[in-house]
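Enquirer: When you get a sec, could you build the whole thing from the sequences and use the hints?
Okay, here's what each chain looks like letter by letter:
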Amino acid sequence: MALYDTLASARRKAFGSIPVTVGAVILLILVGSSALAQWIAPYNPKRATGGINEFPSLKHLFGTTGQGQDVLSQFLYGGQNTLWIAFTIAVLTTLLALIVALTAAYFRGWVDDVLTLVTNVFLVIPSLPLIVVLAAFLPPGPLTMIAVLTITGWAFGARLFRSQALSLREREFIAAAEDVGERRWRIVAIELLPNMGSVVAAYFVNQVIFAITAQASLEFLGLGDGGQVTWGSMLFWAQNTSALIRGAWWTFVVPGMAIALTAFSLALINNAVDELGNPRLRADRLLRRAGVRKSSASLMTPVKRNA
Amino acid sequence: MPDITPALEIVDLSVGYAGETGMVPAVDGVSFSIAPGEFMGLAGESGCGKSTIAQSILRLLRAPGIITGGDIRIAGHDMLTSDEAKVRELRWRTASIVLQNSLTSLNPVKTIKWQLQEVLDRGGGSKSPAELLQMVDIDPRRLNAFPHELSGGQRQRVVIAMALALSPQLVILDEPTTALDVIVQQEIFVTVKALQQQMGFAVLLITHDLPLLFDVADRIAVMKDGKIVETATVEAFRRHQEHPYSRTLLSATPRIDFATPDVIRPKDVAHPVLETAHLVKAYGTNPLTGRSMLMAINDVSFRLAPREIVALVGASGSGKSTFGRMVTGLTRPSSGDIIVDGHTPVPVSRRRKSTPRAAQMVFQDVYGSLNPLHTIGHHLRRAVISAPHAQKVDVEARVASLLTEVGLTPPASYLDRRPHELSGGQRQRVGLARALAASPKLLVADEPVSMLDVSIRRDILNLIARLRDEQGVAVLYITHDMVSAGYIADRIAVMHRGQIVEEGPAKAILMHPQHEYTRRLIAAVPGGLGLPDGHTDNHLTEATT
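In order, the protein sequences belong to chains A and B.
Its first residue numbered 1, the first sequence is counted upward by one per residue in my numbering.
Its first residue numbered 1001, the second sequence is counted upward by one per residue in my numbering.
None of these hints come from the bench; they were simulated from the model.
Please note that a few of the clues may not be correct.
[Said to hold, decoys possible] Example chain B residues on the side facing chain A (calculated, C-beta under 7 Å, incomplete): (1) F1032; (2) G1065; (3) M1361; (4) G1368; (5) A1383; (6) G1504.
[Unchecked claim] Heads up, simulated DSSO-like pairs for lysine-lysine below, C-alpha to C-alpha not over 30 Å straight-line: (7) K1113/B to K1086/B; (8) K1127/B to K1193/B; (9) K1086/B to K304/A; (10) K304/A to K1227/B; (11) K304/A to K1224/B.
In this text the structure is predicted, and so the values were computed from the model without any measurement.
Cβ coordinates follow ideal geometry from the N, Cα and C atoms, glycine included.
Expert: Right, here's the structure in full:
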């Protein structure tokens, strides 16, 4: 019930603002078209169906690659592979971070010490070299990608959630729940966790962005599965067939734009999520709606007569 | 020739907050003025708009606040038509403000010398930081202290020194002592009044505490729902209140009826509901020497009989809350014994469903002690389900009867509401119902009314007394407020630095305090205890015997 109400009011607030609507529409188009790739893609993405580096035409709307594959079909199928991996990584890192953070914050003592130490170790390890090493040793494929990025991506979130949970834990309603004799796991799941909603949501959105860009980077470096069509491997092949030198810009602009647009739309959505957890952002929006133009740096209460 | 420009002149001021569905008015056509050197008090309950006014004067009100009409003039300077540069020029130089929370008013990483100098650097101040500290009775040797090294009272003094650094004509005090205890409050106002005599600034004091205004203010304005309902000099106001709301506010303040003698309950020595022996709670124990940094509770032996209400009184930091938390099992003692209804309290972490809960806690923070995301029904259902029961209970029926017991009727209309839809008083009633769910023998009420508005405090205290009468529950009432202790309690125990320094029947303690610390606590009560005139010690002795 509580969660439903929160979501309902989030929806009301979210679609009140233009940037969020724009972000949601872009994301919906990207996700929707990728999901329907089987039915709407004109060609098999892996087969050469045209000439080499053909300029976009009616036959090949986004042109063809250095190996004669259709870029539009690759974009659609690649989106499918890229997005499900990215969302899976985001879900897994968020869950892992939450589990570590809530356990540490709730039990404190030596449990907290050990978990915080582990978190810090993962934070200190230079993640890019670790990612490269792991990806190079493990057999290439989506599961490797998910495993590598989950292992390297959760630590910051655990830090963030732990501090949030620690401050919530000091609130009296947690002590009150303990006093009436609630079980620990219930206190964590029912009393504590729902109050972290906005932070978790914001972190999740950021993690999707992280996962997409990290995945694309790895594949661009050739550490992904070369046989899979993803946005990252499209960039890899564009680089390998010297698309830049030959002027075949459509082969790298299309996947590049796809990655950028996904990140952009998620960032716009994140604005609304931020507002849930930050009353000051909401206050500024309300002021604007009331017809007061106020620079956010100003420390002056505005005067608006007959408002 | 005397200066006839008022220090502050507010004409027809309206302030609102921008909301999702348009403006929500908070202050509606308020007018008043303060003469130079005058001490004006603005009293009202939470949400009446008094703090909105205080912050609007210097145009410090945060978004989404908007001033929607009227005029504000400080010593003749129009605040509403001035541009940003001019307003900044006027802040601190012509008028300054002291806020409630001194911890957030001061920068934690700078010394107070640096922070005082920062104000002085704006020019116009004739004093040095050391002189400013001396002015507010702080040892100038503490100049290089950081805010966290000072006590709450000292920090608030530093903020007051800052507010006075540039000799403004007006100082706005927005609930400056609400977070401090009575003794510190009294000392601070003695200082402020003395400085006002010397420097001649005007004061606007925002507070919910009418008796405090009787002690310090020249004139009083009472606010309700964004409007000022009455303005009068203190002498006139004390004698007669024009507006019915002022009368309600004043009569709601708990008063001790010294005419009725203390009820001396037969001490059931064999079966006290609570007994502690040589209880100690130490923090920061050094593992090598075994010595502690802080003794929160130092060798307390204490008894509480069934159906008895005992007030545990003390200033903040005296250890009274720690004592309450140990009794309910929320905190574990370092050494010593606690027996509640024949058992040692089980620590919350090892509590099982069948563990009897003889002592239950009622919390201070009515905003923080209920989970904002859950309904009232959820809170009470969980408390009933988690409580140990001999046989199966009908949860819904039990919840409804709990709500009825605490005066929330009809129960059905409260079940689906969330905490933010309730008033502070209603929330505390829910807190009481939750504590009663396990049918405890003892309620530990930790400052249950200190965050509530004055007008509902007495209702909650009466409810607690009624629950004792009807349900036979004993109450440990933890408070810093001598008046409410005398109002509700059978016995008073005074706690000072982790020890009980004085204990006895409530009215006897109030009338004949033995310990020096008890005397200071009583003397610091704003407006006094309200002892009727002509009461001599002899007379009072008769009343208690």
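Enquirer: Indicate, hint by hint, whether the structure satisfies it.
Expert: Evaluation of the provided hints:
1. F1032: This interface hint is violated because 19 Å lies over the 7 Å limit.
2. G1065: Holds, because the Cβ-Cβ distance from G1065/B to chain A comes to roughly 6 Å (cut-off 7 Å).
3. M1361: 5 Å, holds
4. G1368: 4 Å, holds
5. A1383: For A1383/B, the interface hint holds, since the closest Cβ of chain A sits about 4 Å away, which is under 7 Å.
6. G1504: Check failed: Cβ of G1504/B comes no nearer than 30 Å to chain A, outside 7 Å.
7. K1113/B to K1086/B: 27 Å, holds
8. K1127/B to K1193/B: 19 Å, holds
9. K1086/B to K304/A: 18 Å, holds
10. K304/A to K1227/B: 20 Å, holds
11. K304/A to K1224/B: 24 Å, holds
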